[in-house]
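Asker: The listed protein sequences correspond, in order, to chains A and B. Note that our numbering gives residue 20 to position 18 of the first sequence, counting from 1, and the numbers run on in steps of one. Note that our numbering gives residue 419 to position 390 of the second sequence, counting from 1, and the numbers run on in steps of one.
Please keep in mind that the hints were generated in silico from the structure rather than gathered at the bench. You can trust all of the hints, since none of them are fake.
Cβ pair distances, simulated, as ranges:
| hint | chain 1 | residue 1 | chain 2 | residue 2 | range |
| --- | --- | --- | --- | --- | --- |
| 1 | B | Asn516 | A | Thr70 | 17 to 23 Å |
| 2 | A | Ala186 | B | Asn197 | 54 to 60 Å |
| 3 | A | Leu8 | B | Asp157 | 51 to 57 Å |
| 4 | A | Pro57 | B | Asn197 | 17 to 23 Å |
| 5 | B | Pro425 | A | Val14 | 49 to 55 Å |
| 6 | A | Ser124 | B | Asn155 | 38 to 44 Å |
| 7 | B | Asn155 | A | Val26 | 43 to 49 Å |
| 8 | A | Thr56 | B | Ala124 | 30 to 36 Å |
| 9 | B | Pro425 | A | Leu130 | 34 to 40 Å |
| 10 | A | Thr162 | B | His345 | 19 to 25 Å |
| 11 | A | Trp76 | B | Pro425 | 36 to 42 Å |
| 12 | A | Gly30 | B | Ala178 | 21 to 27 Å |
| 13 | A | Ser84 | B | Asn197 | 40 to 46 Å |
The structure displayed is predicted, hence computed values, not measured ones. Glycine is no exception: its CB is placed at the ideal position from the N, C-alpha and C atoms.
Residue strings, one per chain:
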Amino acid sequence: MLRALLPGRSPVFYQNLVGLFFAVPAVGFLLVFNIYPLLNAIYLSFHSWNLSGTPRFIGLENYTQALTEDLDFWRSVRVTFSYTFGLVPGFGVALLLAILFNRPFRGKEILRTIYFTPVVISWVIASLVWNSVLHPSFGLNAQFFRLFGMQSISFFTDPTWVVPALILLSLWKGVGYWMVIFLAGLQGVPNEYYEAASVDGANPWQKFRNITLPLLRPTILFVSVIGFINAFQAFVPVFILTKGGPAGASRVFPVLIYDAAFTYFKMGYASALAVLLFIFLAVLSLIQMRALRSEAN
Amino acid sequence: MSRIHSRRSVLGAFGVGLLGALAACAPPQPTFTPVPPTAAPKPTDVPKPAAGASTPATGGATTPAPATGGAATQPTAAAPAVAAPAVSKPAAGAAPVKLVFWTHNYQPLIAYTEKKIKEYKQELPNVDIEYSNTDVPSHERRIVTTLAAGAGFPDGFNSGEYWVAMHNEKKNIQTIPPEAFGKSSPAELNSLFYDYALPGLVVEGKMYAMPIEWNALSLYYNVKWFAKAGITKVPTDWNELTEAAVKLTERDSAGNIQKPGYQLTYNQTEWPLKRLNPMIVGLGGSLLNAEGTECFLNKPEAIEAIQQYTDWTAKHKVSMKGYQVPNLNNSQSLMAGGYYPMQTTGPYFAAALKSANANFKFGEDWNVAPPPQWPGAKAKKQTTALWRWALYLSAPSKSGLDMAKFFSFVLKDWKGVHTEVGFIPSLKGWENEAYTKEMPWLPQQMKDLQIAVPVPQTPRYPEIAQANLEMIERIESGQAKVQDAANEATKRINDALKTKP
Chain A
3 MLRALLPGRS PVFYQNLVGL FFAVPAVGFL LVFNIYPLLN AIYLSFHSWN LSGTPRFIGL
63 ENYTQALTED LDFWRSVRVT FSYTFGLVPG FGVALLLAIL FNRPFRGKEI LRTIYFTPVV
123 ISWVIASLVW NSVLHPSFGL NAQFFRLFGM QSISFFTDPT WVVPALILLS LWKGVGYWMV
183 IFLAGLQGVP NEYYEAASVD GANPWQKFRN ITLPLLRPTI LFVSVIGFIN AFQAFVPVFI
243 LTKGGPAGAS RVFPVLIYDA AFTYFKMGYA SALAVLLFIF LAVLSLIQMR ALRSEAN
Chain B
30 MSRIHSRRSV LGAFGVGLLG ALAACAPPQP TFTPVPPTAA PKPTDVPKPA AGASTPATGG
90 ATTPAPATGG AATQPTAAAP AVAAPAVSKP AAGAAPVKLV FWTHNYQPLI AYTEKKIKEY
150 KQELPNVDIE YSNTDVPSHE RRIVTTLAAG AGFPDGFNSG EYWVAMHNEK KNIQTIPPEA
210 FGKSSPAELN SLFYDYALPG LVVEGKMYAM PIEWNALSLY YNVKWFAKAG ITKVPTDWNE
270 LTEAAVKLTE RDSAGNIQKP GYQLTYNQTE WPLKRLNPMI VGLGGSLLNA EGTECFLNKP
330 EAIEAIQQYT DWTAKHKVSM KGYQVPNLNN SQSLMAGGYY PMQTTGPYFA AALKSANANF
390 KFGEDWNVAP PPQWPGAKAK KQTTALWRWA LYLSAPSKSG LDMAKFFSFV LKDWKGVHTE
450 VGFIPSLKGW ENEAYTKEMP WLPQQMKDLQ IAVPVPQTPR YPEIAQANLE MIERIESGQA
510 KVQDAANEAT KRINDALKTK P
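Pulled out of the complex, with its shape left as it was, chain A reads as follows (with noise of 0.2 Å):
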């Protein structure tokens, strides 16, 4: 039929137009639901819009706002950063919980399930169930502090205490996932390597340092790309359990975000955070590709 609508092309041409044809959902997807509204909110980025009326282009002064007079955006700058960063261990965590489920035991299924099961919880059901974990009157912090005759700590309503809360609720979600992801890169290894290692006389430090850390290196790599590029989009425990409080110490970038859009209405303002965590994150994760693969290199 394409033959007859567009006649003396090539077989290519025809087998290329076809193949369009089944891509154009998927990229017409993409256009609106991604591209558009990135391009969108560049545009705002430049703009003062309040929910009314239409946009009044202001140039650059959102972002020198953000960078330079906001005191909110390098608190919230740290504050992120202090979280991502406090999730680190848990890669860590992650693979050594793979290495050890690499391993044949018995039970081995049940305890790899128990480990996952947190992953498939709705953040919101998760953030909820700490919350009363943590409750400082009711919940299981204050019974154990109640044992030791101490006062609970208020965890959520505390400054100190509220980043490494909401840092191990995000180890509890998370750690299950990054495991599995870690296992599928330890089960590529092939057991021929060990096997050369031990014949060699090689200890199980000595084996992982020098076989499974170089060969899971592009799981390393994808793991910390997507836990850092998540850490840093982290909304909805925030917002649950703080909403950025108290006084903004909890106040992750996409809280911050979420406030000027929406609190505060300045939709212009709002775009300019987003690009500018966008930025960030595109140049963080470029840094992280070239560290990680010269290394491999």
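Take the given structure of chain A and dock chain B to it, following the hints.
Answerer: Same frame as chain A, now just chain B:
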């Protein structure tokens, strides 16, 4: 020769079929012809005032006289019994009208609204009202975002009066049509309401939001708990309140609060500002200057008020952020359930306590007292918070008049508004109704309304409320001293006040 269907031709046919299926899913173009709107029914005459009532002077307020004595006395106002016009029956074959109405999720209001919608449907079968409610922050957010999007917005909604300036700036709301109340001019419509229910809601003589309730903070307390704690005198100033709260607070062996003596509201912007503002005014200060262009949160009066406010959490530990009791989700349930010994809150609390626990009785179990003031010479003014929740009409709605008629239908049932929801009616004339005899707490509430002051009206209300909340949080959590936190909040608010819309 038999035809061989190559993989390419099969894929090609499949692709064409898929496109055809997608095209078939496209919605058909509408083919109906819009029905022209029916003419608005003629307003009926306003009923004559009840016998014996005097007519107020034109444009003047008719102030209900404060009741005296502890016995339940009726307010002795001289306002005429002005009722909203009766609902006109629709003409046969009247065009269907679909209205969308949103409120916040205050439980007595939800039940009452659903009841009134059913009653209205019986009066006007051609009018369908789709009603939904949600928590206050989500309610406010969805109103603004749907109006900005121009789709999915309600025809009418309720909201606090502090949003009028912001909604006006965004041109989100339309004026209330006087015809809905059987009046022919905005001035006549305004005259149906108490003057001091209207500040901020009437702009240049036109009403932009119709006050369904007006509130002043009073002190509600648990009588038996006070007796058990040996408190014989109800607090009249902030020092006495603090002392009482310390005695009333129950803690476990490790010192954790189990029942707070005077619980404040956290994690939301409205209540901290509402409670703090009159404390500042009581010392002779103010939140903003008269023009609304400069913030005074770092002035001495405000500093003293902020110190007192934050001390309840940080120093005296009679209030606790994050305090929760499983299955008790609001202050009335907590008070009626024996977790709060006292609260400063609005007049609707009487109905709310009843709905939370019908056995929690006025006089035996709870009572109401004047809001505490600054002690002695510190007090420059006797004051408390005034706030209104009002009914608004969305600007883009084409059914503003129909929605306003439903508003008038609701408001005219001031007994229902008052006894079932607990809102003190803002329409004049209810004071002599027989049902008020069954509200012994009413005289105190009306007295407190006389001294109440509202939060300043400004389009920058969200920024001010948020900055205030964060200032309080920083102080309570020990991140900053009062003056430093106030200075930072003042700077933020002043920056916000300078921004153009």
